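With the hints as extra help, turn the sequences into a complete structure.
From first to last, the protein sequence lines stand for chains A and B. Counting in my numbering, the first sequence runs from 1 upward without gaps. Counting in my numbering, the second sequence runs from 1 upward without gaps.
Simulated from the structure, these hints should not be mistaken for lab results. Because the structure is a prediction, the values reported are computed rather than measured. By construction, the Cβ of each residue, glycine as well, lies at the ideal position given by its N, Cα and C atoms. Among the hints, erroneous ones may be present.
Calculated from the model, a selection of chain B residues having no Cβ within reach of chain A, i.e. all distances over 10 Å [unchecked claim]:
(1) Pro-62
(2) Pro-86
(3) Arg-95
(4) Asn-192
(5) Glu-202
(6) Ser-215
(7) Gly-228
(8) Ala-239
(9) Pro-241
(10) Gln-283
Some but not every residue of chain B turned toward chain A, in silico, with C-beta under 7 Å [as the list claims (entries may be wrong)]:
(11) Val-78
(12) Asn-156
(13) Glu-187
(14) Thr-201
Residue-level listing of the chains:
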Amino acid sequence: MHAPSVLRRVGRTAALLGAVALATTAPLAQAESPGPLGAQDARHLLARTGFGASGADVARYAALSREAAVERLLAGTHGEPDIPPPAFTDAGAPLPGPQPGMTFTADERRAFVREQARQTAELRAWWIDEMVHTSSPLTERMTLFWHNHFVSSQRKVRFARLMYAQNALFREHALGDFRTLLHAAAKDPAMVLYLDSVQNRKGAPNENFAREVMELFTLGEGRYTEQDIKEAARAFTGWGFDRARGAFVFRPRLHDDGEKTIFGTRRNFDGDAVLDLILARPEAARFIVAKLWREFVSPDPDDAAVERVARQFRANGYDIKVALRGLLLEPAFWASGNRGALVKSPTELVVGTLRSLDVAPPATAPYAAAVSGMSQVLFAPPNVKGWPGGERWINTSTLLARKQFLERVARAAVDSNVWVAAQPGDDVPAHLAFAQNVLLPLPPVTADVAEARAQRDPVLFVRAALLDPVYQLK
Amino acid sequence: MDRRDFLKATAASLTILGSGYARAETPAQYQRLLVLVELKGGNDGLNTVVPYADAAYYALRPKLAIARDNVVQLTDRVGLHPALEPLAPAFREGRLAILQGVGYPAPNLSHFRSIEIWDTAAPSDRYLADGWLTRTFASAATPRAFAADGVVIGSNDMGPLAGNSARALALANAEQFLQRARLAKAETPTGNAALAHILRTENDVVQAATRLDVSRSFATAFPSTPFGYVVRTACHVAASPGGVACLRLTLNGFDTHTGQAATQARLLGELAQGLIALQGGLQELGRWDDTLVLTYAEFGRRPRENSSGGTDHGTASAHFVLGGRVAGGLHGVAPDLARLGGDGNVTHTLDFRSVYASVLEDWWSVPANGVLGGRFGKIPIVRV
Numbered sequence: 001m002h003a004p005s006v007l008r009r010v011g012r013t014a015a016l017l018g019a020v021a022l023a024t025t026a027p028l029a030q031a032e033s034p035g036p037l038g039a040q041d042a043r044h045l046l047a048r049t050g051f052g053a054s055g056a057d058v059a060r061y062a063a064l065s066r067e068a069a070v071e072r073l074l075a076g077t078h079g080e081p082d083i084p085p086p087a088f089t090d091a092g093a094p095l096p097g098p099q100p101g102m103t104f105t106a107d108e109r110r111a112f113v114r115e116q117a118r119q120t121a122e123l124r125a126w127w128i129d130e131m132v133h134t135s136s137p138l139t140e141r142m143t144l145f146w147h148n149h150f151v152s153s154q155r156k157v158r159f160a161r162l163m164y165a166q167n168a169l170f171r172e173h174a175l176g177d178f179r180t181l182l183h184a185a186a187k188d189p190a191m192v193l194y195l196d197s198v199q200n201r202k203g204a205p206n207e208n209f210a211r212e213v214m215e216l217f218t219l220g221e222g223r224y225t226e227q228d229i230k231e232a233a234r235a236f237t238g239w240g241f242d243r244a245r246g247a248f249v250f251r252p253r254l255h256d257d258g259e260k261t262i263f264g265t266r267r268n269f270d271g272d273a274v275l276d277l278i279l280a281r282p283e284a285a286r287f288i289v290a291k292l293w294r295e296f297v298s299p300d301p302d303d304a305a306v307e308r309v310a311r312q313f314r315a316n317g318y319d320i321k322v323a324l325r326g327l328l329l330e331p332a333f334w335a336s337g338n339r340g341a342l343v344k345s346p347t348e349l350v351v352g353t354l355r356s357l358d359v360a361p362p363a364t365a366p367y368a369a370a371v372s373g374m375s376q377v378l379f380a381p382p383n384v385k386g387w388p389g390g391e392r393w394i395n396t397s398t399l400l401a402r403k404q405f406l407e408r409v410a411r412a413a414v415d416s417n418v419w420v421a422a423q424p425g426d427d428v429p430a431h432l433a434f435a436q437n438v439l440l441p442l443p444p445v446t447a448d449v450a451e452a453r454a455q456r457d458p459v460l461f462v463r464a465a466l467l468d469p470v471y472q473l474k
Numbered sequence: 001m002d003r004r005d006f007l008k009a010t011a012a013s014l015t016i017l018g019s020g021y022a023r024a025e026t027p028a029q030y031q032r033l034l035v036l037v038e039l040k041g042g043n044d045g046l047n048t049v050v051p052y053a054d055a056a057y058y059a060l061r062p063k064l065a066i067a068r069d070n071v072v073q074l075t076d077r078v079g080l081h082p083a084l085e086p087l088a089p090a091f092r093e094g095r096l097a098i099l100q101g102v103g104y105p106a107p108n109l110s111h112f113r114s115i116e117i118w119d120t121a122a123p124s125d126r127y128l129a130d131g132w133l134t135r136t137f138a139s140a141a142t143p144r145a146f147a148a149d150g151v152v153i154g155s156n157d158m159g160p161l162a163g164n165s166a167r168a169l170a171l172a173n174a175e176q177f178l179q180r181a182r183l184a185k186a187e188t189p190t191g192n193a194a195l196a197h198i199l200r201t202e203n204d205v206v207q208a209a210t211r212l213d214v215s216r217s218f219a220t221a222f223p224s225t226p227f228g229y230v231v232r233t234a235c236h237v238a239a240s241p242g243g244v245a246c247l248r249l250t251l252n253g254f255d256t257h258t259g260q261a262a263t264q265a266r267l268l269g270e271l272a273q274g275l276i277a278l279q280g281g282l283q284e285l286g287r288w289d290d291t292l293v294l295t296y297a298e299f300g301r302r303p304r305e306n307s308s309g310g311t312d313h314g315t316a317s318a319h320f321v322l323g324g325r326v327a328g329g330l331h332g333v334a335p336d337l338a339r340l341g342g343d344g345n346v347t348h349t350l351d352f353r354s355v356y357a358s359v360l361e362d363w364w365s366v367p368a369n370g371v372l373g374g375r376f377g378k379i380p381i382v383r384v
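Structure representation (structure tokens):
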């Protein structure tokens, strides 16, 4: 972990005072959607769709209406990372490691595995760096969402470069259309390796991908039959991985082009046709919208609201922005009962803390390691279901790892004079009241926060706020 | 119990019901400790409990087979890997049971999915959120005074203790835990479900921290290996006055696709030395007769060795049960190496849930059917 002095303050750019005024005059304006958000609603929107929010971020959004704020978030998304990825991700070079027909000694194999693990660690540090600095936190949140939806793990895929290619794919389509994303993710080389499509051949089908595409990627358990899976697996035969090019390949000789009966329709479906057949079912839109709801709104999707948004989603060609806009403008998103109802993932906790305090570390590898230490190893979800998330993020060990991280950051951040520490001439009580609104989604549980405010001590305040249990929530 | 007490007790149990599972009566049997030892990565059972009289074994393993002369012979058919020699006396005294062919139907060869199947005791096509021990303690609670239901040592994964309702502790080492525990505060669980869960977890930390005591010194020498360190922490936890019902210890590194001979010999040596130290530590505490140690892993390995001096992911495997009240000897039937399945793997002969059922009912007197979601025949591993 860093020494205190290495945290560099990014800036105290915005007119915080204006936001302080808004925070005190209209903090609870939730019912009227046309009015300005105010500090609390602005922090809610930003923390839910990004990674925390700094005082400056909150000040920028506090004066916007809900609709204008949501439009600004959606308009700011992009398909390319702001920070260039590591050099080894260059798709032009041949893939490293054992080529078909080559024999590898045990030592060579070990060296290959070690090198891929090293590159993956580098990739994690790069991604954390991107999340800390991106101009569109929502883009990275959605990229992470798809990583945890179309799960692949470097532990099986091995090639770090393919994990990056998949990450780039998720970013490119993060807020594009789900149909394009689904087709592309299904043929993504990391996915083809991870879910054994390479072993799915005519006459010897492997059902792994066919099952997961229905159960986990589109429809949900119980919305298909075992027969649908068996037949769909036949349709996906011949999908493979060209080791020499490091790319997806369709091998017609391995493809079963007989007739298959899927969802009661009998035809000579191929893999792409099966994906479209799935998307023609209304359950698919509902399944994705409900999952987005659990990511952004609350742990318990409201069936009627999900149905409303899912209809818009389907009617607009599976445009992910339409689904997201619909969810973010649902009254449930803004409801007071849903404030602080979600647990921050380790990535959100670590990146969000840096962004909220408006500090940038010179190297992100220790922060990526901290995220892993809280049981979210990026590019290596535990299994095809991904990280279960929610309350499962918190056990005695991960909670203490989270708190220890926060304590260290609090110590370092205060030394580096973050915005939370009022400047000479500031109205200190008003400033700390604003800072609490920015950092915490709910009133603090411990008395320490109020005590630090009463003492007008920003050092104690930052520590107390970060270590309060409600800081674990968003 | 008079009527007022009854009403109070009912109100209390209703409150608890509202917050999750009902915590039922406390069986005194939780004074008996269960120690699970995870051989992470999938230990090669065939080179652990060696069928040295089986020609098929030597045919499948031209390079990796343990030569007959090197096997620690236990019976006229099977013996131990030489690195496990320290465990042989326990077998001869009838305190070490060997379970053969432990696995489950429709085996999954993914590390992650297969260990989840073992940890949740689910059929291979069902996903359950809670670990099998979490469900156990939900159906029959441990005493409130316990430091925790269970403690996980040497892994960050809660495994069989996953899920919200268990008071489960993950410890890298006890000293570090106590040092970090000052960051947790006991507050009344309140607010939304997520906040209540966090506050409960903080309380678990505080309760465990007040009841864990790492000051006890042992005459037993703990090996200076990773697993020896895990065992040392386990003995400290067991020595604490607070008590726990179970410990899950993890020994990493069994995924031996290449260069298996040296790696496995080192790991099995580490395991055997560690288990002997565990026995020594718990005997010092007078708890060995109240301890049942059970090894498990996501799977065994492919009978036929691969071309890299290793073995690939397999299915059923052999496991050990050790402790003062264990009914030793060979249990179950070793899978037939002459009749491998189409994928080159053995078919299990003993369902791991039968092992769990035996632990639940014969060690803890907790009815197994509800916890395991079905009836699994028991095996006599506990002496009566």
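Consistency of the hints with the structure:
1. Chain A leaves B/Pro-62 outside its interface by the beta-carbon criterion, the shortest separation being 17 Å against a cut-off of 10 Å.
2. With a minimum CB-CB distance of about 29 Å to chain A, B/Pro-86 clears the 10 Å threshold, and the non-interface call stands.
3. B/Arg-95, annotated as away from the interface, keeps every beta carbon of chain A farther than 10 Å; the closest lies near 33 Å.
4. With a minimum CB-CB distance of about 5 Å to chain A, B/Asn-192 fails to clear the 10 Å threshold, and the non-interface call is violated.
5. Listed as a non-interface residue, B/Glu-202 fails to keep its Cβ farther than 10 Å from every Cβ of chain A; the least gap is roughly 6 Å.
6. Residue placement check: B/Ser-215 keeps its beta carbon more than 10 Å from all beta carbons of chain A (closest about 21 Å).
7. No Cβ of chain A approaches the Cβ of B/Gly-228 within 10 Å, the least distance being about 21 Å, so the stated non-interface status holds.
8. Even its closest Cβ contact with chain A, about 19 Å, leaves B/Ala-239 beyond 10 Å, as expected for a residue assigned away from the interface.
9. Distance check on B/Pro-241: its Cβ is at least 19 Å (rounded) from any Cβ of chain A, clearing the 10 Å threshold; non-interface status holds.
10. No beta-carbon of chain A comes within 10 Å of the beta-carbon of B/Gln-283; the shortest separation is about 29 Å.
11. For B/Val-78, the interface hint is violated, the least distance from its beta-carbon to any beta-carbon of chain A being 29 Å, above 7 Å.
12. The closest approach between the C-beta of B/Asn-156 and any C-beta of chain A is roughly 6 Å, which is under the 7 Å cut-off, so the hint is satisfied.
13. For B/Glu-187, the interface hint holds, the least distance from its beta-carbon to any beta-carbon of chain A being 5 Å, beneath 7 Å.
14. Taking 7 Å as the C-beta contact cut-off toward chain A, the hint placing B/Thr-201 at the interface holds, the least distance being around 5 Å.
Hint compliance for this structure: hints 4, 5, 11 are broken, all remaining hints hold.
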